[in-house]
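On the provided structure of chain A, position chain B with the ligands as indicated by the hints.
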Amino acid sequence: MPRGNDKEYSVQQMIIEKRLKKKNHFNFEKLIPGLLLLTAVLSVLTTIGIVFTLIFETFIFFDRVSIIEFLTNKKWYPFSATNASFGIMPLVVGTLKITGIAAIVAVPIGLATAIYLSEYASEKARRVIKPILEVLAGIPTIVYGFFALTFVTPILKQMIPSLETFNALSPGIVVGIMITPMVASLSEDAMSSVPRSIREGAFALGATKLETTIKVILPAAVSGITASVVLALSRAIGETMIVSVAGGSTPNASFDVTSSIQTMTAYIVQVSTGDAGYQTTIYYSIYAVGMTLFLFTLFMNLFAQFITRKFKEEY
Amino acid sequence: MNVTLLKSQSKQIENTQTTHIEKQFVYKTTDLNLWYGSTHALKNINLDLHENEVTAIIGPSGCGKSTYIKTLNRMIEMVPGVKTSGEIQYRGRNILDKSYGVEDLRTQVGMVFQKPNPFPKSIYENIAYGPKIHGIKNKKVLDEIVEKSLRGAAIWDEVKDRLKENAYGLSGGQQQRLCIARCLAIEPDVILMDEPTSALDPISTLKVEELIQELKNDFSIIIVTHNMQQAARISDRTAFFLSGEVVEYRDTTTIFSNPTDKRTEDYISGRFG
Ligand SMILES: Nc1ncnc2c1ncn2[C@@H]1O[C@H](COP(=O)(O)OP(=O)(O)OP(=O)(O)O)[C@@H](O)[C@H]1O
Ligand SMILES: [Mg+2]
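If you read the protein sequences in the order shown, they are chains A and B.
Going by this note's numbering, the first residue of the first sequence is number 1, and it counts up by one from there.
Going by this note's numbering, the first residue of the second sequence is number 1001, and it counts up by one from there.
The following block holds chain A by itself, in its conformation from the complex (with noise of 0.2 Å):
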């Protein structure tokens, strides 16, 4: 049958029409490459510039005091007068008992969340849970500040006597507690994408759900489940709000929980907020404060992405 002879109007004609009309128009398209590239130039060298700026102030930094001693001493007194001593550990100490409290009580609930989630749930039940998940995650930090100082604390006080007000305990747990979500709803996610073929293949040779999700599921989701674990960690790590309302501002070295830290960020909202003079040693400090601090968490990050990697699942 020949196009468009019985009819008025081909479809033919009138996209070639359409077409001869937008070439002779200025070409909008030609143009979005380039806008689109300049907003990812811009976004890279704002990266850039501020890895840039705090490399060169942590240099600054480091010829004031040396990097042996950051590194090795075991005291962190930058303010005091006589004998200011700048060694990093009693700030990473801090920040790693935050960071081990809050991966005890999220890896466990998260996972158990998950694979409620994932391999139990009803749909109704799901559609209920992920929604309460998103908003615990959407909760500003602030506000989980005050709860551990106000809330948790009182409460771990009457368990553990000797615990101080401000401590590593109260802080862990409800970072732990703000990290949970996150672990939650990205082990799901990994969990729920492998194929419901595969949970099929379990069940015909007559094992339970339990052994299913355990043996099967769990393996085929572990690169996914890692990835959200360790991203999970490294927001612990970062995390400020939260240790600096409710962990105090004591540096210590040592590993127990039941006493006033001071962690890295906590550190660095103290200096910043109060009235360290521009360019002195202390103000060059939290540089260097947060040098550690972003290689920590870049490590972290680049860890997730190698384990997702190395563990491509490929179903």
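Be careful, since some hints might not be right.
As the list claims (entries may be wrong) - Examples of chain B residues toward chain A, derived with CB under 7 Å: (1) Y1100; (2) E1103; (3) R1106; (4) T1107; (5) M1111; (6) P1120; (7) S1122; (8) I1133; (9) A1199.
Claimed, not checked - Output of the computed footprint for chain B on chain A, the stretches with three or more beta carbons under 8 Å from beta carbons of chain B: (10) 201 to 209; (11) 216 to 228.
None of these hints come from the bench; they were simulated from the model.
Glycine included, C-beta positions come from ideal geometry on N, C-alpha and C.
Just chain B with the ligands now, with coordinates in the frame of chain A:
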């Protein structure tokens, strides 16, 4: 520990308990009806499936073949809103009875799916998984089971040097035979296959067909297929399904050479479906 021995002993015990039911049937389906919500997918199915035979189920798309075969190991329960009535006796016991443990049933009745679905694990682990979850831990026994199952599925020579490699590195046809091996590893009584060759190339299909021929000496096989030649080649008996009903069920030679029902004749001569 000899698994085969244990298995055959337990089968013997079962058989002695049920000798009064005709021994040559593995499944007896009586007045089976099934609904997906309000869709009446299976209507008054009466079908007795024979021991050590290959039974083919044919019929046009949507006639209920998959639905039926999935009720035989109760995989159908995974679909929400499924209701059944009637009875399916497996070795003399009604499997639709809620008291029948579904894991027990699936340990006896294995299944091979349309699309190969190996676990994202090594070839070895794929086979060892079934025995492992049923409590067999001895490494030596597992090694033996793995070799025996892979040999049974005619894939041993192709994979014996790469047992530790991920199963997803195998071709589609090899993956499907691996899935058959996985099924053989727990030495089931019946093997259900839902269009096991529809995702395979002709040569892999041929290999799987030859395999099925061999397997029927030790297992009872129920296979859904869209391929009429395949049904004719490999099955002893054929059931023709249409709109959720069994139109005709006879031995394969008769149904293909001399169908009684007009609708069967139309279907196998390619006039519809
Ligand atoms: N999960 C489901 N929910 C609702 N209806 C379903 C579901 N699965 C199948 N059905 C319906 O039940 C009927 C039988 O489906 P079934 O999958 O058993 O057909 P089949 O014979 O296997 O078809 P095919 O040859 O295409 O695989 C069809 O009408 C189908 O639409
Ligand atoms: Mg089907």
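Going down the list of hints, with the structure as the test:
1. Violation of the interface hint for Y1100 of chain B is found here, the shortest Cβ-Cβ separation to chain A being roughly 13 Å, above the 7 Å cut-off.
2. Taking 7 Å as the C-beta contact cut-off toward chain A, the hint placing E1103 of chain B at the interface holds, the least distance being around 5 Å.
3. The interface hint given for R1106 of chain B is met, as the beta carbon of that residue sits about 4 Å from the closest beta carbon of chain A, less than 7 Å.
4. The closest approach between the C-beta of T1107 of chain B and any C-beta of chain A is roughly 4 Å, which is under the 7 Å cut-off, so the hint is satisfied.
5. About 4 Å separates the beta-carbon of M1111 of chain B from the nearest beta-carbon of chain A, less than 7 Å, and the hint is met.
6. At its closest, the beta carbon of P1120 of chain B sits 5 Å from a beta carbon of chain A; the interface hint therefore holds under the 7 Å criterion.
7. Proximity of S1122 of chain B to chain A is violated relative to the hint, the smallest CB-CB distance being about 11 Å (cut-off 7 Å).
8. For I1133 of chain B, the suggested interface contact is upheld, since its CB lies about 5 Å from the closest CB of chain A, less than 7 Å.
9. Against a cut-off of 7 Å between C-beta atoms, the interface hint on A1199 of chain B is violated, since the closest Cβ of chain A lies about 11 Å away.
10. For the region 201 to 209 of chain A, the stated coverage by chain B holds: 8 residues have a C-beta nearer than 8 Å to a C-beta of that chain, and at least 3 were required.
11. For the region 216 to 228 of chain A, the stated coverage by chain B is satisfied: 3 residues place a CB nearer than 8 Å to a CB of that chain, which reaches the threshold of 3.
Checked against the numbered hints above, the structure breaks hints 1, 7, 9 and satisfies the rest.
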